[in-house]
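Input sequences plus hints: build the corresponding full structure.
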Amino acid sequence: NAGVTQTPKFQVLKTGQSMTLQCAQDMNHEYMSWYRQDPGMGLRLIHYSVGAGITDQGEVPNGYNVSRSTTEDFPLRLLSAAPSQTSVYFCASSYAGLNSPLHFGNGTRLTVT
Amino acid sequence: AQTVTQSQPEMSVQEAETVTLSCTYDTSENNYYLFWYKQPPSRQMILVIRQEAYKQQNATENRFSVNFQKAAKSFSLKISDSQLGDTAMYFCAFMNSLANYGGSQGNLIFGKGTKLSVKP
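Chains A and B supply the protein sequences, listed in that same order.
Heads up: the first sequence begins at 283 in my numbering, then just goes up one per residue.
Heads up: the second sequence begins at 1153 in my numbering, then just goes up one per residue.
Please note: incorrect hints may appear among the correct ones.
To be verified - Covered stretches of chain A (chain B as the covering partner; in silico rule of three or more C-beta atoms under 8 Å from a C-beta of chain B):
1. 321-333
2. 384-390
Said to hold, decoys possible - Simulated crosslink set (EDC-like; lysine to aspartate or glutamate; CA at most 16 Å straight-line):
3. Lys1264/B - Asp320/A
4. Lys1230/B - Glu1213/B
5. Lys1271/B - Asp1233/B
6. Lys1264/B - Glu341/A
7. Lys1225/B - Asp1178/B
8. Lys1267/B - Asp1238/B
9. Lys1230/B - Glu1169/B
10. Lys1225/B - Glu1181/B
11. Lys1267/B - Asp320/A
To be verified - Far from chain A, some chain B residues (derived; all Cβ distances over 10 Å):
12. Ser1159
13. Thr1170
14. Thr1176
15. Thr1179
16. Arg1195
17. Gln1203
18. Thr1212
19. Ser1217
20. Lys1222
21. Ala1223
22. Ala1224
23. Ser1228
24. Asn1259
25. Ser1269
Keep in mind the hints are simulated off the structure, nothing from the lab.
It should be emphasised that the depicted structure is a prediction, and the values quoted were computed from it without experimental measurement.
Don't be surprised by glycine CBs; every beta carbon is placed ideally from N, CA and C.
Printed below as a string of C-alpha cells:
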C-alpha cells in the first residue's frame, strides 16, 4: 500500500517557468490538500478538494492552480514560478469523516531561482 | 479566524528525561480537534497524538501525552523518557469540526513548530 505519493522529490525552476507537482493516493480518500512549508512558518494550506471535480482555496492560493479529475490524483500547478514559491510542498489526504487522520506524502522541495 | 501559537522555537532535553512542548490556540468554536505532528529530518509528517475537544480526558499514546485545558485554550505535549529518535520538529495543529468549509474538515491550521533536540 503506497499511501500518498508525491513526485518529484526535488525540483529547481527558473523564474517564469511552469511545472506540475504530482500527488496520488491509493486509499480511496475523498479529501486531498496541498500545503507549503516555509522556515519559521509551519505548514499553510494552499488548495484542497473534498472529491473529484470539487476544489477550493486555502490560506495561500495565489500563484497555484489545482484540479481533481479523479479520486486518486490531485496535481498542483505553478503557471509562472516566482522565487517566493521556493518552499517544501506537502500533499495530504484523508477520508471525509472527522475521525480520519491526514496522511501526508513525503514532500517536494522546490527551488525557484 | 483560528490561530495556533507555539511559543518555544527550540528546546532541548537529556535522554530519558521528560519535556513539555507548549501550544495555545484561539477559536470561537466549541467543537474541534487538536493534533501534534512530528517531523524528523527525513521531512515526513507523522501524527503523534490527537485530542477531541469534547473529550475531557487527556489523550495518551505510549510515552506521549497531552494536557488539554479547553478553557485556557492550551494543548501541551509531554514526552516522557525522551529518546534520541524523538529529535524532530513538532507541530501543533487545529482542525475545525464544523462543516463550514464545505465538508473539508481535514483543513489543518498549524503552529510554527518547536525544534526539539534530545541529547545523549
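Tested hints:
1. 321-333: It holds: at least three residues are needed, and the segment 321-333 of chain A offers 8 whose Cβ sits within less than 8 Å of chain B.
2. 384-390: holds (count 4)
3. Lys1264/B - Asp320/A: Holds, at roughly 9 Å.
4. Lys1230/B - Glu1213/B: Measuring from Cα to Cα gives roughly 10 Å; hence the hint holds.
5. Lys1271/B - Asp1233/B: holds, 12 Å
6. Lys1264/B - Glu341/A: holds, 15 Å
7. Lys1225/B - Asp1178/B: holds, 7 Å
8. Lys1267/B - Asp1238/B: Judged against 16 Å, a Cα distance of about 10 Å means the pair holds.
9. Lys1230/B - Glu1169/B: Given that 16 Å is the threshold and the Cα spacing comes to 11 Å, the pair holds.
10. Lys1225/B - Glu1181/B: Holds, at about 11 Å.
11. Lys1267/B - Asp320/A: holds, 14 Å
12. Ser1159: holds, 13 Å
13. Thr1170: holds, 25 Å
14. Thr1176: Check passes; 14 Å lies beyond 10 Å.
15. Thr1179: holds, 15 Å
16. Arg1195: The claim is violated: arginine 1195/B sits with its nearest Cβ about 5 Å from chain A, within 10 Å.
17. Gln1203: Label holds. Min Cβ-Cβ 12 Å, cutoff 10 Å.
18. Thr1212: holds, 16 Å
19. Ser1217: Serine 1217/B clear of chain A: closest Cβ-Cβ about 18 Å, beyond 10 Å.
20. Lys1222: Holds, since 17 Å exceeds 10 Å.
21. Ala1223: Check passes; 22 Å lies beyond 10 Å.
22. Ala1224: holds, 21 Å
23. Ser1228: Its Cβ never comes within 10 Å of chain A, the nearest being 17 Å, so this holds.
24. Asn1259: Answer for asparagine 1259/B: violated, closest chain A Cβ roughly 6 Å.
25. Ser1269: It holds; serine 1269/B is separated from chain A by about 17 Å at its closest Cβ, greater than 10 Å.
Hint violations for this structure: numbers 16 and 24, all remaining hints satisfied.
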